[in-house]
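Undergrad: Single-letter residue listing:
There are 6 protein chains.
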Amino acid sequence: MKNGIGHHAIGEPFDNFLLIKSSTKGVASNGKPFLTLILKDASGEIEAKLWEATKEDEHTFVAEEIAKITGEVSQYRGRPQLKIQSIRPAQPTDGVDQSDFLETAPVPKEDLIERLTEAIFEMKNPNLQRMTRHFVKTYQEAFLTYPAAVKNHHEYISGLAHHVVSMLNLAKQLKELYPDIDLDLLYAGIILHDLGKLKELSGAATPSYTLEGKLIGHIPMMVDEIGGVAKELGIEGEEVTMLQHMVLSHHGKAEWGSPKPPLIREAELLHLIDLVDAKMNMLNRALDKVQPGEFTDRLFAMDNRSFYKPLFTNEHDE
Amino acid sequence: MKNGIGHHAIGEPFDNFLLIKSSTKGVASNGKPFLTLILKDASGEIEAKLWEATKEDEHTFVAEEIAKITGEVSQYRGRPQLKIQSIRPAQPTDGVDQSDFLETAPVPKEDLIERLTEAIFEMKNPNLQRMTRHFVKTYQEAFLTYPAAVKNHHEYISGLAHHVVSMLNLAKQLKELYPDIDLDLLYAGIILHDLGKLKELSGAATPSYTLEGKLIGHIPMMVDEIGGVAKELGIEGEEVTMLQHMVLSHHGKAEWGSPKPPLIREAELLHLIDLVDAKMNMLNRALDKVQPGEFTDRLFAMDNRSFYKPLFTNEHDE
Amino acid sequence: MKNGIGHHAIGEPFDNFLLIKSSTKGVASNGKPFLTLILKDASGEIEAKLWEATKEDEHTFVAEEIAKITGEVSQYRGRPQLKIQSIRPAQPTDGVDQSDFLETAPVPKEDLIERLTEAIFEMKNPNLQRMTRHFVKTYQEAFLTYPAAVKNHHEYISGLAHHVVSMLNLAKQLKELYPDIDLDLLYAGIILHDLGKLKELSGAATPSYTLEGKLIGHIPMMVDEIGGVAKELGIEGEEVTMLQHMVLSHHGKAEWGSPKPPLIREAELLHLIDLVDAKMNMLNRALDKVQPGEFTDRLFAMDNRSFYKPLFTNEHDE
Amino acid sequence: MKNGIGHHAIGEPFDNFLLIKSSTKGVASNGKPFLTLILKDASGEIEAKLWEATKEDEHTFVAEEIAKITGEVSQYRGRPQLKIQSIRPAQPTDGVDQSDFLETAPVPKEDLIERLTEAIFEMKNPNLQRMTRHFVKTYQEAFLTYPAAVKNHHEYISGLAHHVVSMLNLAKQLKELYPDIDLDLLYAGIILHDLGKLKELSGAATPSYTLEGKLIGHIPMMVDEIGGVAKELGIEGEEVTMLQHMVLSHHGKAEWGSPKPPLIREAELLHLIDLVDAKMNMLNRALDKVQPGEFTDRLFAMDNRSFYKPLFTNEHDE
Amino acid sequence: MKNGIGHHAIGEPFDNFLLIKSSTKGVASNGKPFLTLILKDASGEIEAKLWEATKEDEHTFVAEEIAKITGEVSQYRGRPQLKIQSIRPAQPTDGVDQSDFLETAPVPKEDLIERLTEAIFEMKNPNLQRMTRHFVKTYQEAFLTYPAAVKNHHEYISGLAHHVVSMLNLAKQLKELYPDIDLDLLYAGIILHDLGKLKELSGAATPSYTLEGKLIGHIPMMVDEIGGVAKELGIEGEEVTMLQHMVLSHHGKAEWGSPKPPLIREAELLHLIDLVDAKMNMLNRALDKVQPGEFTDRLFAMDNRSFYKPLFTNEHDE
Amino acid sequence: MKNGIGHHAIGEPFDNFLLIKSSTKGVASNGKPFLTLILKDASGEIEAKLWEATKEDEHTFVAEEIAKITGEVSQYRGRPQLKIQSIRPAQPTDGVDQSDFLETAPVPKEDLIERLTEAIFEMKNPNLQRMTRHFVKTYQEAFLTYPAAVKNHHEYISGLAHHVVSMLNLAKQLKELYPDIDLDLLYAGIILHDLGKLKELSGAATPSYTLEGKLIGHIPMMVDEIGGVAKELGIEGEEVTMLQHMVLSHHGKAEWGSPKPPLIREAELLHLIDLVDAKMNMLNRALDKVQPGEFTDRLFAMDNRSFYKPLFTNEHDE
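Protein chains in written order, with our numbering: chain A, 4 to 321; chain B, 4 to 321; chain C, 4 to 321; chain D, 4 to 321; chain E, 4 to 321; chain F, 4 to 321.
Rather than coming from a laboratory, the hints here were simulated on the basis of the structure. There's no promise every hint is true.
Copies of the same chain are indistinguishable here, so a pair counts whether it falls within one copy or spans any two.
Think about it this way: if two alpha-carbon atoms lie no more than 25 Å apart in a straight line, the pair counts; the simulated SDA-like pairs of lysine to any residue are [as the list claims (entries may be wrong)]:
id	residue 1	residue 2
1	35	60
2	43	75
3	256	290
4	43	25
5	234	136
6	282	46
7	43	207
8	217	308
9	112	289
10	35	296
11	217	294
12	24	63
13	217	240
14	282	293
15	154	183
16	127	48
17	140	241
18	263	45
19	234	275
20	52	103
21	35	78
22	312	133
23	263	207
Just chain A, with the same shape it has in the complex:
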């Protein structure tokens, strides 16, 4: 989506459909009402002001609606702003749909579920395999559509499954380098580690935190669920405790939300693999948006650093 709103430069004209993410009424210094719109498509977001808004405008241009807009990308207080020249609500005949405006994982759902199924099939420990399969079956639909996070990394449709599959691939390669790793336990931990987000977040498209998400959080919620599923399947023994520990400790430190730090090898690895994949996802997407010789925007979740793209990068790749 190279002609999306996220790729428009200051000064360029714009003429396309956009999804309204939020709409807030204000009063201008001339006393007239206006709307502040946050507009988005799959490539990014932009703010716009609809000056001298009528009562009808207020009811038409609301969150989750789609609008056809012509205008120009300008700048206000150092941030891009879309100057609206004309705006109208989308019609059924326009053939546009909310899902067209949401970013999606670069790998299709079919491939994601196939790789997940394959990983479970490879597991040899029956207790770990049964628990993992049970969860994937129960939550399959949501698992394949939810993002991995509200912002920062894999924050797009199917982001959670995309993140998990990347981590499974990474785990498989680490097993070759460090053969002592218990791959069954690591696979199970990877697949389940963020599954609590399906209850922590309200939905896949425009996720917000649920009450349970705010007061309990996805980690204790998932530890609880594993306990329940183990009882349901009649599974006892260390596998249950180890799997709960993997989920519980995967943030690495108490101050990052894990009341216990990793205390088994595979838990430590789960934490490291999660870190590597989340960081690479953030870095690659930020660097994709800049040219060699430029710095990216500051990345909040990477200590607010701004990364440089060297001039010579991969110039010798064929």
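Fit chains B, C, D, E and F to the given chain A structure using the hints.
TA: Showing chains B, C, D, E and F alone in chain A's frame:
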């Protein structure tokens, strides 16, 4: 137990029974074997060396056994040490029992269970009442014997119930001062907040951490249990989430083991009441051991402070 | 004051008197001058813009004046703003007074001074009693009108005395639970702990920090005063040092302004009681403003947390 | 070396050669001199006391000498101690050599240099390739014998090269998962990142810190060396700065010794790969020493954690 | 420059030349374009809006140009803003020059170079003297014009040399009080400590960070340069390492950018002298702008403190 | 005192008088009592064991007594220990005195009081001068004998006055470099900043903390004293507040014991001068004990650093 080992001054003779907490073999600089014994009674602990120990001594004076010892309290590297003059194993005819050597709460079990039952009876919210009653019933025996912690505060037989009952009393008085408090929720949180310790610790008498205790911890274990009990009793609704949140957040901060800080009034109060009662328990017991005009030992769990007992304290009390 | 400005929802019309807290001149993008007014009554504050302000407006609508305003509560950048339709200065005939617009403690001054007097009367230690009585006598008028703080908690007329009386009640109840407490010392510490604020702050109605307040602070100022009063009354002995220590250590830690942490039992309790009462004051007032099922605004002085009010809270109270 | 001193249990007899790491004279409480010996072989270290040592003993049993010892492994203050029954210096006819007593990487030097050479051969960017090759050539001998650190991880003969080769393998696999990585830059960074240790440490066998190592440290020393080599080879352009940045930032944070954090993608990856390989080296070696169901010793460089080895680990591996 | 823009009070008229530091286009709420200008002279900076800007204005009023402006100093959101009444570009006949608008050290360049030369002449250690002289010769021009920093302290033309000369004077006086100081080493360290800034910053007039500055930083860059110069001059021995250490450690702590803390006496002193002179420069300039009895603005680099100027300060000085 | 106990190397014989700092009874593994003696002279301290001590020995060799000892300096657990061959109590005829064994400032008391008097004489502000003179007069005797601290820096007889005089000299020189400094205020602050130590510590010779010292601390005690003296002398105005602020803030930060950070220029300078003189005192004394090319012991109060003495230091000084 004013003539217990914890109250002997350096230089005083000793002649009494003591419980062996641990026994370790060593070799002296003259090449002869000796035993390092940690000995205890309900008043405290002391180290002793049994020089030139025979093979028989090694098998007789082992952990959990009771011995009759005469000797003198001396000092080694600044810490008290019992110099053994004679030692023999206790006989059945001595009429001593392991429980005589363990510290116990200053309130009898009967009073503790009565107050607990009363508090549950006072609750008006049926969901909270049912869950709380269920837990107390299920765990009653252990609840009334376990300590509240391995060290620092209420680290004695029935310490957990003693701590809970103190907190219930404190809660009742706070309700009078701040009538908006939901006393049912606060009572339920107080009664259940540390119940996970029954599984985190191995037993009441000489508690150590279980594997599950080390890898999961009492807080997530209890959140999981509340989830299970609610399902078992068919209870749904906010009470379950709020009760899980109370337990989850009662350490106050992520770095202290609570992945969520208190986010409802009663959770904040639970945290504060827990703090007040634990601190008063530590302070009172440490100050009991010193005279007016003296400082206590350093209290590790109170930022390693050493507290002063003023000369005039309560001198005007009748 | 349920129809006060603090309780108006976005979109509601407003027609009432407000106290001008501050007035600042600006220039609009059309080149015309305007005034930014911060307006308040006992229920809260709101910002308003007076567009196209005349020279006369500039001199009429200044801080500490009262104005009659009609308008509508709108929103600007996510915060409420009062859209002014008409404005006029209050007239003597309007019968409004500055004190009508200031929040006041929910307990009348007479009750506060009565409880204070009673507590001093209960004290048995003559040295502590004489010093405490001397201070209360000397500062009585200011003590009964000053707030306990500029913001966060008990930040209203008589807030300091209200806070102190709450703490005295709490202390009395704790004495019942933990009878070793020296109630005289604790009472004296509670009554004097924040008295330095009478010199740290410039006044009761619209308090700001004095030069001495900024450069010395209320804690060392009060330690100094206790030293002076003891000399004046000819009191010597540990009571003076202990009382200075109570005041000095009541913030609990060096980084919170107490060069010594609490080192006697009553100092530790003073710190805890202060914490409990301040937090309950903040929490109760924030929760009063929201409905069950809602979250409060973020509370800066409580680690910026936003608290939830459960749906079922106290529904079973009669 | 399964019968080495590092694998002896308390109470087992010992009869073998050991390298003397240090020897210190003391005076026993009976007034007689004794020697405290730290003894080692490739499997570990142990302390021993040689009581009633003669003047000759003092001169015979000194650091870097080898001794034949019979005795028994006992325990002193909770740590193993070798109780010496007989001791004699090793003779030429014993056929033992200092290198027999030093731990060595599990991969032979020939394989390490082969993989290093191969990685350099794979590089396509001529500037990075020339600088890297120049360093490996210049320092080849030391590179293949030095440890990667004085303690914690890869602290054995050839440890540096072993660590680097593991990291190169990891890098190659990450390139497959995240194809945007500039593998040349990452390879160059991996090979050079710790090369400054060759000057920071005094030698391969019993390394200590050099004066330059203590006052400058391996990171700034290597940044300086890269600057010098670039000048010498007539190489200019961003490759030099990027390579210096890779080395400079590889500890990740200022407080860990990197004045700049990683600011290019490959620098971030270098930091992560270094972390993963160092942690896996520590974890695998610590877990190798314990049985399933046991915890390892505390690992200082991993936040002092003690790791658990699950009972079921890899039991399903064929 | 007492009539400079930095000394205008709110409400005062302005009529003078100003240098345009930056110019950004925006669109007003009436849909018309405007320019936001940051204007400066040697006394300070101010923001201004040029409403209804033409295309020609956009090209005329750009960064680094000088404009003649009449207007009035007003206030917007609590910060001064220049309300433009008329504006025209400066003409050659106006006789104004960019350098007229830049702040400069209060000591002329000639005096600075003289003191520098004198200090080098006083040095007795030939190795330190030769290295120091070489650097001063090589970089003399830039050394005498660069600021010591982009902001906070000595952030003006010749600021670096001014800072260095102040520090040399301070060092000379400390040598009298503490005669063990090695003055040669301290002088050399002072002169070279910030010289890396000549490459870290892009220029003297409107400095920004270079790529090497961002990715390597002035400290490692200078350690590298000293290494190169020592090789070039054929100097070996501890003087080189000590000088590198002085530069490396002068920020005092790892988290402030020094991978090694000061480990020789003169390095510790260099750090302290740097601190004292930077702080005095900030403090004196801030206090110069306020009257006795007032507080300065908050000083970001001094922990955001606002300093008070006592009423009686130096009133007794003749 | 070059042949003092602090300068003896391991293995050297010793034959001289030593002051007993402490004496503790223990029981050896052979069941016989022994004494652990801490012995000192003006050059340092050493531990010694008096084996098989008689009852008489116990009463003879007690703290504050002097003994004549012959023996040998050996080593135990890495620390020097004096092996006693013979010991006898000092006799009146030995002509030794306790003061011979205490370290003293390198400047005589007469010079210290002269410089103090001179500084007060130079002051022009009558209020500051009167208060300062009053304090010096009141406390002159103790001021000239007390140490500046119990350990770390200036921890010797007259250490406090020596520290203050050094700081006065430093202040005078800084005034030349930064003429805006108010020297009167700075002088007064320097002279009074640590005077509270006269009440915080129990005495000059073997200082320990008083009860008031432990519970209030020298900083608030001195703020209180200044308040009292100002009242006594009838002095009002900012000088009193500023002087209290100087003392209050001289530790620089809340976590270092200053509830307010420095908020006037002279307070900031007082903090810096205190830092410089304390550090130079520690550094110079530690470096005096080592040869060029060696590192000092770790200095606890300087972040536990060990400092290097370069080989070439001051070799060119004549």
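Undergrad: If a hint holds in the structure, say so; if it doesn't, say that too.
TA: Each hint, compared with the structure:
1. 35 to 60: Intra 13 Å, inter 22 Å, cutoff 25 Å: intra and inter.
2. 43 to 75: Classified as within; 15 Å inside a copy, 32 Å across copies.
3. 256 to 290: For residue 256 and residue 290, the Cα distance is within 25 Å only across copies (21 Å; inside one copy 29 Å).
4. 43 to 25: within (10 Å within a copy, 31 Å between copies)
5. 234 to 136: Close inside one copy (15 Å) and across copies (22 Å); limit 25 Å.
6. 282 to 46: within (20 Å within a copy, 38 Å between copies)
7. 43 to 207: within (16 Å within a copy, 43 Å between copies)
8. 217 to 308: between (28 Å within a copy, 11 Å between copies)
9. 112 to 289: within (24 Å within a copy, 41 Å between copies)
10. 35 to 296: Neither: 45 Å inside a copy, 35 Å across copies.
11. 217 to 294: Answer is between; shortest inter-copy Cα gap is 18 Å, intra-copy 39 Å.
12. 24 to 63: Intra 13 Å, inter 39 Å, cutoff 25 Å: intra-copy only.
13. 217 to 240: between (31 Å within a copy, 16 Å between copies)
14. 282 to 293: Only inside one copy: residue 282 and residue 293 sit 17 Å apart there, 34 Å across copies, limit 25 Å.
15. 154 to 183: Between copies only: 22 Å across chains, 35 Å inside a chain, cut-off 25 Å.
16. 127 to 48: neither (46 Å within a copy, 39 Å between copies)
17. 140 to 241: Within. Shortest intra-copy distance 23 Å satisfies the 25 Å Cα cut-off; inter-copy 28 Å does not.
18. 263 to 45: neither (38 Å within a copy, 33 Å between copies)
19. 234 to 275: neither (30 Å within a copy, 35 Å between copies)
20. 52 to 103: Cα proximity of residue 52 and residue 103: one copy only (23 Å, versus 40 Å across).
21. 35 to 78: For residue 35 and residue 78, the Cα distance is within 25 Å both inside one copy (22 Å) and across copies (13 Å).
22. 312 to 133: For residue 312 and residue 133, only the inter-copy Cα distance (22 Å) is at most 25 Å; the intra-copy one is 45 Å.
23. 263 to 207: So residue 263 and residue 207 pass the 25 Å test across copies only (24 Å; inside, 29 Å).
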